[in-house]
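J.: Chains as they are written, first to last, in our numbering: chain A, 11 to 225; chain B, 8 to 395.
Keep in mind the hints are simulated off the structure, nothing from the lab.
Careful: at least some of the hints might be erroneous.
Said to hold, decoys possible - Here are the simulated distance ranges between beta carbons:
(1) A/Ser23 - B/Asn181: 39 to 45 Å
(2) B/Gly155 - A/Glu187: 48 to 54 Å
(3) B/Thr82 - A/Asn37: 50 to 56 Å
(4) A/Gln70 - B/Ala342: 16 to 22 Å
Glycine is no exception: its CB is placed at the ideal position from the N, C-alpha and C atoms.
Here's the letter readout for the chains.
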Amino acid sequence: MSADGGTVAAASSLRADLQLVAAMIPNGSRVLDVGCGEGELLAHLARSKGVDARGMELSQSGVNACVRHGLSVIQGDADHDLQDYPSASFDYVVLSQTLQATYRPRLVLENLVRIGRRAIVSFPNFGHWRMRLGLMLDGRMPRTPFLAYSWYDTPNIHFCTVMDFVALCDDLDVTVERSLTLDRHGRPFRLNPRAGLANLLAEQALFLLRRDRTS
Amino acid sequence: MSLTSPTIDFSSPQERHDRLTVAEPLALDCGVSLPSYIVAYRTYGALNAARSNAVLVCHALSGDQYAGPETHPVTGKTGWWTTVIGPGKVLDTERYFIVCANVLGGCMGSTGPMEVNPATGKPWGLTFPVITIADMVRAQVKLIDHLGIDTLFCVIGGSMGAMQVLEWTASYPNRVFSAVPIAGAARHSAQNIAFHEVGRQAIMADPDWNNGDYYASGRGPERGLSVARMAAHITYLSEQALHRKFGRNLQDRRKVTYGFDADFQVESYLRHQGNIFVERFDANSYLYITRACDYFDLAAEHGGSLASALRDTKARFCLISFTSDWLYPTPESKAIVHALNAVTANVSFVEIATDKGHDAFLLDEPEFFATLRGFLDGCARHRGLAVP
Chain A
11 MSADGGTVAA ASSLRADLQL VAAMIPNGSR VLDVGCGEGE LLAHLARSKG
61 VDARGMELSQ SGVNACVRHG LSVIQGDADH DLQDYPSASF DYVVLSQTLQ
111 ATYRPRLVLE NLVRIGRRAI VSFPNFGHWR MRLGLMLDGR MPRTPFLAYS
161 WYDTPNIHFC TVMDFVALCD DLDVTVERSL TLDRHGRPFR LNPRAGLANL
211 LAEQALFLLR RDRTS
Chain B
8 MSLTSPTIDF SSPQERHDRL TVAEPLALDC GVSLPSYIVA YRTYGALNAA
58 RSNAVLVCHA LSGDQYAGPE THPVTGKTGW WTTVIGPGKV LDTERYFIVC
108 ANVLGGCMGS TGPMEVNPAT GKPWGLTFPV ITIADMVRAQ VKLIDHLGID
158 TLFCVIGGSM GAMQVLEWTA SYPNRVFSAV PIAGAARHSA QNIAFHEVGR
208 QAIMADPDWN NGDYYASGRG PERGLSVARM AAHITYLSEQ ALHRKFGRNL
258 QDRRKVTYGF DADFQVESYL RHQGNIFVER FDANSYLYIT RACDYFDLAA
308 EHGGSLASAL RDTKARFCLI SFTSDWLYPT PESKAIVHAL NAVTANVSFV
358 EIATDKGHDA FLLDEPEFFA TLRGFLDGCA RHRGLAVP
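Please construct the entire structure, taking both the sequences and the accompanying hints into account.
T.: Given below as structure tokens:
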């Protein structure tokens, strides 16, 4: 994560889960990264895959860092600023570790699969055993190394489990093309996300989605 | 796109501005046609062989073509945007060919109310037709044609300059590679029109204005124009900036005088701003240019939809606003961003945190410069220009 003046993270230092996201995106695609931070993924995609990379980011410092590095990024948030984009205007729309921080995750998810021919969504799994154990044994809201916020200062207001997310996709007629369950460091497990074990062991999950259009 | 018979008039000894005389009519939005007209302009740097490095800088209401690092022939001061234009600066005169034209209706050599109407041999005054932002851009297009430039690498400007940038991208979508509207809006708000009206009424209330016919009298409406400038200048700053600069400090005195002298530093400052403005600006030009801003409504020109106005643009956009700008606040820029998203244009948008108000784009704002530099370098790479 480079701050001002530095260079955008090189591919090798790209966060592990973002490397998995990048691997799902073919060369030359048009990509919108919602919540793009300081543009690590976008810079990587633009440089190594010739992607037409656009971003949206809530924090002003993140936006400014991106534009300083020549990336096309606007300030905005997933809850309010996705509705302006026309349907199928991007090949891929990425929402990485942000869904749980949105006010209306269901609407956000619908917008992602509307704007993108495909959507790539990753999120922390609240069904992980540490969460369950923390609440059961301590009787306190769970805190883990991966989600270290206290209940009163967390930006994460809409937690879900892997199974919850799959159920929402079913509800919205969103097709899961691929799914990966990951540990805290972004290393994948080989587990079916519909299986209870994945919901217990995965600290985060990564989905490749699409919604087939009738018209 | 070619001119019938363009001539550059550098010859006249009393004429100190570089001027292009366009000897063909200009059909204005108001329905009147100017039979011929003059565009006064300045250039900095050199056009490359591929003619791909030209940047058009659009000036604001009270600006002119002297934007770069040189001495202004009237004020004796340096150009108005030397924070940005110059060797090694964001608009690097060693990389880019920078063009800045005095707007139509202006008073620094371009055709406007203080220039002589060729048909009568007298200054136009109020017989000058009312012009629009689109008219200003139409005149600039002829200059760009004349300079042999097909596609501008960048069109950039703040405030009224931003309006011209937007007009360029809407009306000449294939001729703009990148566009930077700074501290601007796609339409003038009621508040902005209101402030302009105060300025115009101050000018018109001055007996020396004489219905715009004052050029022969040797005495113009300097008091009115000065008041207009003072009122406008407040809108270019912010409450915090005024407080930081002046507070309630007294001017060269230890106590208030119980009179109407400029007791406070802020009064003295505003009076000074008004006084220096009248030395370089024509009151009638001020009326015409403020009117052009008021009439600007890019969506209305295109059936009420801003997205429709920008539908054909190929430009890479970077919109910039400033947190303390209450004249052209951030939501105005965001409305443009939303319209550009709706047509899937390539757009960046940055809001710069500053307490310097609307005028921040003219001042030393490192974050603003870094944003501009990053955006322009990215565009230069896409344009095939060398990036240091």
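J.: Any of the earlier hints contradicted here, and which numbers?
T.: Those not satisfied: there are none.
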